[in-house]
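2 protein chains.
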Amino acid sequence: MRNAVLVVAAPGVAYGPGMTTKPQLSWGIIGTGWIAGVFAEALAKSRHGRLQAVASRTSERARTFAKKHRIAKAYGTYADLLADPAIDVVYISTPHPSHCADTLSAIKAGKHVLCEKPMGITAAECERMVTAAERKGVVLLEAFMYRVHPQTQKLQELLAKGIIGDLRCIRTAFTFDLSVLPITGANVRIDPALRGGSLYDVGGYCINASRMIAGEEPATIDAAWSIDPATGVDRACAGVLKFPSGVLAHFDVGFHSIPTNFIEVIGAKGRIHVASPWWPEQKRAVITVQMTGKKSKEVVVRNGGWIFTIEADHMADVIAGRTKPLIPAANSIGTARVLDTIWRRMHR
Amino acid sequence: MRNAVLVVAAPGVAYGPGMTTKPQLSWGIIGTGWIAGVFAEALAKSRHGRLQAVASRTSERARTFAKKHRIAKAYGTYADLLADPAIDVVYISTPHPSHCADTLSAIKAGKHVLCEKPMGITAAECERMVTAAERKGVVLLEAFMYRVHPQTQKLQELLAKGIIGDLRCIRTAFTFDLSVLPITGANVRIDPALRGGSLYDVGGYCINASRMIAGEEPATIDAAWSIDPATGVDRACAGVLKFPSGVLAHFDVGFHSIPTNFIEVIGAKGRIHVASPWWPEQKRAVITVQMTGKKSKEVVVRNGGWIFTIEADHMADVIAGRTKPLIPAANSIGTARVLDTIWRRMHR
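Residue numbers (this note's numbering), protein chains in the order written: chain A, -12 to 335; chain B, -12 to 335.
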């Protein structure tokens, strides 16, 4: 047993076949924004993980966060957390443009990394991150938590069965009202220097889902946006993608409107609608399937659970080799390419 | 009373204030395709119109159509119908690229014109048609039947009240399966030379509605499409429009998939969803309004009626001066500009 315990403390290897206990993965959180708090709470319910440390750019912010979430260690620099040998895996939720450097530092320190989306702000950044993780032999995943929820697995299962016939079009949306988020202090979401704006905040969901459903990378990328004059970032963005197979996708995202969320896939013979694709209902997630001329039917995923907890446990499972990643880090390169293409047009 | 009856036979003037009877408007139909049949049936229920004649490019087709729809006169050329002094108004449902010339001929003959959509295939064509009608003093309307239904009036009323706050985004769709239409013989919808394809067939609905809701013309137009290799026309098209106010619109249309139809408008504080915007339910048309954090509410339009009959009666009302056009012909210029912009990119 002693070996197993030691193994847990050493990044890269943990629980494997034949071992009889499920050792806990030790988590560190880098960055103390709103989503870091959501993830910290979710980790508390994780089967395979324990939140052990948090790091911020100031000791004060780290201590405040640690106190609120009952975390043992609070570090005033990211480097101090990365130097802590007790930490196996870090969750990076710093501002978007810092993701690449922070991830590379963590990988260099031998930590597994769950990096908030967008993983990198360009395809080149993502490629560097993926290569570094592969070379070091650590697990790197982009925190697209909706991808690991059973509802998303069910959606992919339905699509794989081909029940709606040849795919024609994918419609997605993710909008909300930024002013209702419990954010205090400076908000990175409205800072153009940090790739603030709705595109980089939630556009990745629609792009990630469209690519997942089409099963390929878009051949053409077009978009329109609305810049908020007060902040200089896009408060809304709508885009249209064409995939080589001929499948089309269009979407809108925004953070100054009523919340709306959906994935809708239309095919030659039917339609699949997911009403809460990004933050699925925990108790009863519903996918609606309608075939031409028929009444719609509900496909229900019961007790699917809380996505962030599932995500933490999925990360543990991947690290332990119990499962393959549901969304490999390399997949993030494609999303980054679309995001960056639109961003550059938006700000040229 | 003699005067009133005479007036009906003379285009341009019909029933006016102070007159005690509602004289019947005499209709002629040019073109005998599927939609012409739908309109002929609708005219039979019109309060203010009677279908008197039909013209096709062959006497045989005209006679077959006349027999089926119990029409007194069948003409083997369009010119013969236009020369008939008993006809007040013509409904033009020839292939898209013929709309302009056929409309100009009808106007020259002093007929009022209800022209199938798209009114012209380019903005320039529409401008010529509008100018000609104005000069001749006849009424010209584009047959955007959904615009005259009470459901659409209610939607505009709700938007005018500003209940959902500043507009952010407009989502629309119109798809169906061409193979289920009862079309016999050659289908103009799949002929590239006749601007066949889903964009010109139903794209106008999404573009017309988006412009109606935004209340202005788009500043940017982007699109993607899927060309059916068997026919050379677009079987699906998705677009994104940006309006000068910052409102965004995106849509998809197609005619090789499950039917889907909706208009959804999202604003800063709420959302309006129309589930059957293009062919509204006759008995109970429902508009759903949802405000942030509240349960959605239904706004119901009862017994709104059959759109094509309403359209015929609206045409009669406009000709008689009883009402102003709900969609003036000049409005069609903007739709044509968007359609043509996308078409030219699609086929360059």
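For the record, the hints were derived by calculation from the structure and aren't laboratory data. One or more of the hints may lead you astray.
Repeated chains share a single entry, so a pair holds when one copy, or any two copies, can fit it.
Stated by the list, open to error - Listed next, the in silico DMTMM-like pairs over lysine to aspartate or glutamate satisfying Cα-Cα at most 20 Å (straight line): (1) K60 x D71; (2) K282 x D164; (3) K281 x E268; (4) K123 x E144; (5) K95 x D178; (6) K60 x E268; (7) K60 x E47; (8) K55 x E28; (9) K55 x D178; (10) K282 x E268; (11) K281 x D67; (12) K281 x D164; (13) K256 x D215; (14) K141 x E285; (15) K311 x E47; (16) K256 x D164; (17) K256 x E114; (18) K281 x E47; (19) K281 x D304.
Query raised in the report: So which of the earlier hints does this model not fit?
Result: Going through the list in order, the structure violates hints 4, 5, 6, 9, 11, 15, 17, 18 and 19 and respects the others.
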